[in-house]
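Asker: Letter by letter, the chains look like this.
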Amino acid sequence: MQWETVIGLEIHAQLATRSKIFSGAATAFGAAPNTQACAVDLGLPGVLPVLNREAVVMAVRFSAAIGADLERRSVFARKNYFYPDLPKGYQISQFELPIVGRGRVEILLDDGTARTIGVTRAHLEEDAGKSLHEDFHGLTGIDLNRAGTPLLEIVSEPDMRSAREAVAYARKIHQIVRYLGICDGNMQEGSFRADANVSVRPFGAELGTRAELKNINSFRFLERAINFEVERQIDLLESGGTVVQETRLYDPDRDETRSMRSKEEANDYRYFPDPDLLPVELDDEFVAAAIADMPELPDVRRVRFCEEYALGQTDAVQLTANRELADYYEATVRAGGDARLAANWVTGELAGALNREGMEIGQSPVSAMMLGGLLQRISDNTISGKIAKQVFDAMWGGGGSADEIIQSQGLKQITDSGALEEIVNAVVDENRSQVDAYRQADEKKQAKMLGFFVGRVMQASKGKANPKQVNELLRRKLAP
Amino acid sequence: MHNKSIMALGAGLRAGDFSSVELTRAFLDRIAQYDGELNCFITLDPERALTSAAAADRLIRSGKAGPLAGIPIAHKDIFCTDGVKTSCGSRMLDNFIAPYDATVVSRLSEAGTVMLGKTNMDEFAMGSSNETSYYGVVRNPWDSSLVPGGSSGGSAASVAARLCVAATGTDTGGSIRQPAALCGITGLKPTYGRVSRYGMIAFASSLDQGGALTRSAEDAAVMLQAMAGFDHRDSTSAQEPVPDYSENLNAPLTGLKIGLPKEYFNEGLDGEVARSVELAVDEYRRLGAEAMEISLPNSELSVATYYVVAPAECSSNLSRFDGVRFGYRCQEPKDLEDLYKRSRSEGFGAEVKRRILIGTYALSAGYYDAYYLKAQQIRHLISDDFRRAFDKVDVIMGPTSPTTAFAIGEKADDPVTMYLSDIYTIAANLAGLPGISIPVRPVAGKPVGLQIIGNYFQEAKLLNVAHRLQQESDWHRALPTGY
Chain H
1 MQWETVIGLE
11 IHAQLATRSK
21 IFSGAATAFG
31 AAPNTQACAV
41 DLGLPGVLPV
51 LNREAVVMAV
61 RFSAAIGADL
71 ERRSVFARKN
81 YFYPDLPKGY
91 QISQFELPIV
101 GRGRVEILLD
111 DGTARTIGVT
121 RAHLEEDAGK
131 SLHEDFHGLT
141 GIDLNRAGTP
151 LLEIVSEPDM
161 RSAREAVAYA
171 RKIHQIVRYL
181 GICDGNMQEG
191 SFRADANVSV
201 RPFGAELGTR
211 AELKNINSFR
221 FLERAINFEV
231 ERQIDLLESG
241 GTVVQETRLY
251 DPDRDETRSM
261 RSKEEANDYR
271 YFPDPDLLPV
281 ELDDEFVAAA
291 IADMPELPDV
301 RRVRFCEEYA
311 LGQTDAVQLT
321 ANRELADYYE
331 ATVRAGGDAR
341 LAANWVTGEL
351 AGALNREGME
361 IGQSPVSAMM
371 LGGLLQRISD
381 NTISGKIAKQ
391 VFDAMWGGGG
401 SADEIIQSQG
411 LKQITDSGAL
421 EEIVNAVVDE
431 NRSQVDAYRQ
441 ADEKKQAKML
451 GFFVGRVMQA
461 SKGKANPKQV
471 NELLRRKLAP
Chain B
1 MHNKSIMALG
11 AGLRAGDFSS
21 VELTRAFLDR
31 IAQYDGELNC
41 FITLDPERAL
51 TSAAAADRLI
61 RSGKAGPLAG
71 IPIAHKDIFC
81 TDGVKTSCGS
91 RMLDNFIAPY
101 DATVVSRLSE
111 AGTVMLGKTN
121 MDEFAMGSSN
131 ETSYYGVVRN
141 PWDSSLVPGG
151 SSGGSAASVA
161 ARLCVAATGT
171 DTGGSIRQPA
181 ALCGITGLKP
191 TYGRVSRYGM
201 IAFASSLDQG
211 GALTRSAEDA
221 AVMLQAMAGF
231 DHRDSTSAQE
241 PVPDYSENLN
251 APLTGLKIGL
261 PKEYFNEGLD
271 GEVARSVELA
281 VDEYRRLGAE
291 AMEISLPNSE
301 LSVATYYVVA
311 PAECSSNLSR
321 FDGVRFGYRC
331 QEPKDLEDLY
341 KRSRSEGFGA
351 EVKRRILIGT
361 YALSAGYYDA
371 YYLKAQQIRH
381 LISDDFRRAF
391 DKVDVIMGPT
401 SPTTAFAIGE
411 KADDPVTMYL
421 SDIYTIAANL
431 AGLPGISIPV
441 RPVAGKPVGL
451 QIIGNYFQEA
461 KLLNVAHRLQ
471 QESDWHRALP
481 TGY
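Protein sequences appear in the order of chains H and B. The opening residue of the first sequence carries number 1 in my numbering; numbering runs sequentially from there. The opening residue of the second sequence carries number 1 in my numbering; numbering runs sequentially from there.
It is worth saying that the hints were derived from the structure and are not from the lab. Be a bit skeptical, because a hint or two may be false.
Heads up, simulated SDA-like pairs for lysine to any residue below, C-alpha to C-alpha not over 25 Å straight-line [to be verified]:
#1 LYS341/B - MET260/H
#2 LYS130/H - PRO99/B
#3 LYS79/H - ALA111/B
#4 LYS79/H - GLY255/B
#5 LYS79/H - ARG387/B
#6 LYS374/B - TYR271/H
#7 LYS79/H - ILE358/B
#8 LYS341/B - GLU157/H
#9 LYS334/B - ASN267/H
#10 LYS79/H - LEU357/B
#11 LYS389/H - GLY400/H
#12 LYS334/B - PHE136/H
#13 LYS79/H - LEU373/B
#14 LYS85/B - PRO84/H
#15 LYS79/H - ALA375/B
#16 LYS334/B - HIS133/H
#17 LYS341/B - GLY138/H
#18 LYS353/B - PRO84/H
#19 LYS130/H - GLU337/B
Start from the sequences, fold in the hints, and give me the full structure.
Answerer: This is how it looks when you write it as structure tokens:
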């Protein structure tokens with residue numbers, strides 16, 4: 001039988017507010033356990049939540065970014081269940097009335113086709129703490145630093161039909177929240193988490209029973225977990241079994257999913273509106289201020305890059321992958337002029353160096369200004385492309401600006417025709433036999449042989465000779 | 001000294017007739033003398049009290065003291081007090097030392113009050129007789145075989161017995177007004193949101209409201225002045241400006257329109273209690289007011305509605321008492337589930353468990369619409385009844401409680417009968433309206449309370465109406481024999 005895969009994602013994006021969603025405690029990652037949890041986060045008797053305005057602003061920005069129906073009135077509800085890292089015995093979330101209604105994003109598949117994926121809703125909620133099962137000799141440690149960190153839970157429609165589509169969608173949401181600056185997107189630290197609802201069905205049939213996959217902390221694992229799960233379900237169905245609705249944990253070490261709890265064991269969360277918080281009412285003024293300084297979004301920027309800088313789709317996609325990189329590219333163009341050259345360098349030499357060092361664009365030792373300065377020297381023929389790579393490496397190593405390096409290392413291209421002619425004459429004199437051979441060869445062979453002389457000239461000039469001029473001079477000198 | 005008003009005591013303190021330290025000692029002595037029998041206090045802290053009294057004396061000498069400086073008061077043990085045990089009347093919090101002050105506590109401290117101790121209460125404020133307290137019953141100073149009412153029973157009895165000048169309380173379904181009525185004192189429950197709930201251990205968040213138990217409306221005005229006002233730590237606290245509550249206490253009542261809901265004078269009401277209320281209304285007529293019968297047609301749904309909403313909220317509010325981070329933890333838990341089950345089974349008393357079960361049920365999948373949602377809809381109907389009534393009248397009057405104080409043990413095994421003792425007070429909580437109970441003619445030596453309900457944020461009007469009666473009568477001055 002031909003099976004169709006159906007996937008919906010629930011993405012939890014930790015919002016980049018300074019303080020928690022309902023308290024004044026800091027949200028920074030990595031502090032010593034329980035040092036960033038105040039009375040409210042600890043759920044002490046008598047404390048009350050007060051909504052962080054900034055978290056609401058971020059949700060409004062996200063809503064605008066995915067063209068969603070912003071709900072002008074949303075309500076916080078309590079999701080009741082017991083767990084040691086959930087201090088109050090309930091999580092404050094949004095249930096019936098979320099802040100962000102229906103929206104959509106467009107994903108680009110590898111073959112270049114576009115698909116629209118529906119976003120059902122997005123709601124604000126608080127994160128729980130962490131249970132630490134290691135290092136406590138059979139006991140469990142509780143770290144409540146994360147408790148109360150604001151999350152935006154983004155729920156998609158079951159619109160995806162393959163693991164690759166799911167990854168493309170997750171990457172798109174990741175890209176958007178990072179462009180908006182509302183989430184740092186760090187999957188290792190758990191700031192961006194994706195749970196996948198996966199089911200299979202014969203083509204055209206009703207939706208099958210789904211399993212929810214959790215504990216996925218990279219895009220690679222997302223793809224693998226879904227693929228594993230799809231195969232598991234198909235095997236099960238084809239051998240006459242049935243899929244049960246359950247939550248399954250992905251184990252990246254074994255590359256498999258394991259049952260965590262079934263629907264029967266699931267909690268009745270007893271949602272009800274939180275009486276400690278008023279409904280969130282958004283007026284025009286608030287919304288206008290929240291979206292007043294929206295950044296240009298990735299899709300718009302990609303199209304603009306193609307048009308304004310005459311870039312191909314591949315370059316444009318790569319250069320707009322994240323906002324910092326796109327900003328870097330545009331700053332390089334402003335500093336260096338040639339857009340195509342800049343695209344080549346940013347996606348080539350720079351991306352390679354960053355990759356090698358495991359660095360983010362923000363950590364690059366070569367700033368956009370510096371790279372622009374280098375590109376200028378290529379454009380004005382001060383140096384050749386080859387020397388430019390040498391200069392780039394020197395800049396990367398902290399050797400200063402391109403001009404400083406060219407100056408101090410004497411890398412300026414030799415364009416003085418007198419000086420070049422001297423070098424060319426010397427090379428011609430020293431290689432008489434090759435010159436003779438050249439003169440007797442046909443045109444096709446000559447073109448090949450010219451490379452030898454160019455190489456010698458470049459060697460003699462320590463790479464500084466202007467290659468174009470060298471070519472011309474050689475052709476003239478070697479002519480019979 | 002113990003029978004003076006806040007204003008008179010303040011004048012004495014400022015004139016140097018006596019110091020706050022002396023005043024505090026006098027009340028601590030009374031507590032030592034009487035509280036063995038009454039059991040009003042869960043925690044006493046004489047050392048701390050005398051230290052703050054000495055600080056108040058310095059403030060008074062500096063001439064910068066307000067009307068509450070140096071006045072010894074007590075806090076219901078539901079308010080968190082920094083460094084002092086805050087038990088909420090429960091074994092669950094018997095070991096809980098709050099690390100911070102409730103807003104009510106800090107505001108009254110800033111006003112210069114001296115905290116004598118923390119008063120007894122029904123466990124987690126769930127009860128109408130103070131019999132559900134882990135710390136034992138409080139006895140009614142008027143007759144020690146009777147309950148003081150609840151849940152603010154310790155606060156009410158301690159003010160009635162003059163073991164403190166005034167006390168704080170909380171009122172979720174009548175927990176200030178009913179014990180005030182049963183103990184013959186004045187109890188004010190402000191409009192929902194008038195007093196910050198921050199640091200007040202939550203029972204039912206949409207109904208809970210802090211207030212004051214005092215000897216008189218005049219004293220209640222001074223207490224409310226210090227307690228009221230917006231608190232950025234409580235999203236449900238009101239932005240509404242705080243008026244001067246003492247300014248218009250003496251305003252004449254000529255033309256005041258009093259509504260008497262016919263539903264509040266029904267068959268469940270004790271005839272003599274009804275007579276006392278009528279006598280008080282007659283007194284108001286004499287003062288120039290006009291009384292008329294009104295109807296609050298959905299009143300009969302109040303108790304049923306309340307016993308869905310309040311348990312539902314409490315079932316969630318009390319989830320944090322899980323034995324993990326603070327409070328009672330069972331011995332030698334086998335695993336996580338055992339830790340939860342036994343800590344909560346052993347830490348909570350029967351009434352609290354009953355309400356958690358009712359509330360959990362009411363919020364469960366498949367029942368939510370039929371119970372919780374329906375109850376919220378009826379709440380709107382009840383509020384609408386009041387809204388229509390206040391189009392016609394300025395205040396609503398009736399009995400605070402259908403009977404006088406009942407015997408200890410009398411209703412303890414019959415929760416429904418117990419719940420009905422709040423039948424007249426619950427509606428004000430459901431609607432969020434302010435209410436005050438003041439003593440009127442006693443019946444067979446037992447106090448009776450007149451309840452006055454006002455429109456939203458009309459506390460000043462309620463205090464004015466209550467104070468005028470207290471100017472014309474002596475019912476609030478009566479002291480239980482032996483105190």
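Asker: All hints, please: hold or fail.
Answerer: Status of the hints after comparison with the structure:
Our distance criterion of 25 Å between C-alpha atoms is met by LYS341/B and MET260/H, whose separation comes to about 22 Å. Of the pairs offered as hints, the one joining LYS130/H and PRO99/B holds, with about 23 Å between alpha carbons and a cut-off of 25 Å not exceeded. Under the criterion of a C-alpha separation no larger than 25 Å, the hint pairing LYS79/H with ALA111/B is inconsistent with the structure, at around 39 Å. At roughly 51 Å between alpha-carbon atoms, LYS79/H and GLY255/B are farther apart than 25 Å, so this suggested pair is violated.
A threshold of 25 Å between alpha carbons decides the hint, and for LYS79/H with ARG387/B the separation of about 33 Å lies outside it, so the pair is violated. Of the supplied pair hints, the one linking LYS374/B and TYR271/H holds, its CA atoms being roughly 15 Å apart against a limit of 25 Å. A distance of roughly 18 Å separates the Cα atoms of LYS79/H and ILE358/B; the hinted pair therefore holds under the 25 Å criterion. Our distance criterion of 25 Å between C-alpha atoms is broken by LYS341/B and GLU157/H, whose separation comes to about 39 Å.
For the hint linking LYS334/B to ASN267/H, the alpha-carbon distance of about 22 Å falls within 25 Å, and the restraint holds. For the given pair, LYS79/H sits about 17 Å from LEU357/B by alpha-carbon distance, which is consistent with the 25 Å threshold. Under the criterion of a C-alpha separation no larger than 25 Å, the hint pairing LYS389/H with GLY400/H is consistent with the structure, at around 14 Å. Our distance criterion of 25 Å between C-alpha atoms is met by LYS334/B and PHE136/H, whose separation comes to about 16 Å.
Our distance criterion of 25 Å between C-alpha atoms is met by LYS79/H and LEU373/B, whose separation comes to about 16 Å. A hinted pair counts as satisfied when its Cα atoms are at most 25 Å apart, and LYS85/B with PRO84/H qualifies at roughly 24 Å. With a CA separation close to 20 Å, the supplied pair LYS79/H and ALA375/B stays within the 25 Å bound. Only pairs whose Cα atoms come within 25 Å are accepted, and LYS334/B paired with HIS133/H is accepted, the gap being roughly 17 Å.
Of the pairs offered as hints, the one joining LYS341/B and GLY138/H holds, with about 21 Å between alpha carbons and a cut-off of 25 Å not exceeded. Between LYS353/B and PRO84/H the CA atoms are separated by roughly 21 Å; this keeps the pair inside 25 Å, and the hint holds. Only pairs whose Cα atoms come within 25 Å are accepted, and LYS130/H paired with GLU337/B is accepted, the gap being roughly 18 Å.
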